[in-house]
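> Sequence:
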Amino acid sequence: MTAPAKNLALPAVLVLMGVSGCGKTTVAQILAERLHWAFEEGDALHPQANVDKMAAGHPLDDADRAPWLAKVADWVDARLDAGECGVITCSALKRSYRALIDRRGQGVEFVYLHGSRELIASRLAGRHGHFMPTSLLDSQFATLEEPAADEPAIRVEIGEPPAAIATDIADALGLPA
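Position one of the sequence shown corresponds to residue 1263 (my numbering), numbered consecutively onward.
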C-alpha cells in the first residue's frame, strides 16, 4: 500500500482500475460483498463490437472506449444520485477516462491495482474464458497513465491474496470491511 489512510465521504463509488489481469473483478466482488454495496462488472458494459475487437487481438482506441466509459460514468452517477455506495470495475487507464467517470468531481475514489508486468502476465496466462487475450497486455501498459497526486485515487499493490487486498483497500479508505 502506498497511500496513507483517509476517511472516504459517503455515498461513494469505488472504481477498481488497472490493466487487464490485475484482479479488479475478484477484489471488487469481495469488497462489495463485505461492504454490502452495489457491484457492477465494468466489462459487462462494453458494446459487443469492443468485445469482438479485443477477442480478435486488437486493442481499443479512444473512440472505441467512449461509449463504454459513458456507461460506466452513468452507473456511477446513478448510484450517487440514489444516495447509494457502489463498486465498479473499469481499467480507467488514462487520466481523461478517469475525468469522464468522475465528471461531477466528487463521490468517486479510484483504487489503482498495481503490479508488475511479469506478475500480471502470469495471471493472464492462467485465466480462461475471458475475451481479453494476453497479447494485448503490452498495449494496456503503453496506454496506462498512473493516477496523479491530484486525483481521487489510492494505489494498492496486488502481491497479496485478493481478500487481503480488499482489506487493505478498506483500511486505506477508513471503511469497515
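One or more of the hints may lead you astray.
[Claimed, not checked] Cβ pair distances, simulated, as ranges:
#1 HIS1320 - GLU1422: 16 to 22 Å
#2 PRO1423 - ASP1343: 32 to 38 Å
#3 ALA1426 - ALA1387: 33 to 39 Å
#4 SER1378 - ALA1311: 29 to 35 Å
#5 ARG1417 - ALA1387: 29 to 35 Å
Calculated directly from the structure, the hints in this document are not laboratory data. Ideal Cβ positions, reconstructed from N, Cα and C, are used throughout, including at glycine.
> Honestly, do PRO1423 and ASP1343 meet the 32 to 38 Å range at C-beta?
Once the Cβ atoms are compared, 35 Å apart, the range 32 to 38 Å for ASP1343 and PRO1423 holds.
> Between the beta carbons of HIS1320 and GLU1422, is the distance compatible with 16 to 22 Å?
33 Å, violated
> Quick check: does the Cβ-Cβ distance between ALA1426 and ALA1387 fall within 33 to 39 Å?
Roughly 22 Å apart at Cβ, these two residues miss the hinted range, so it is violated.
> Is the distance from the Cβ of SER1378 to the Cβ of ALA1311 consistent with 29 to 35 Å?
31 Å, holds
> Could you tell me whether the CB distance from ARG1417 to ALA1387 stays inside 29 to 35 Å?
With Cβ atoms ~24 Å apart, the hint is violated.
Checked against the numbered hints above, the structure breaks hints 1, 3 and 5 and satisfies the rest.
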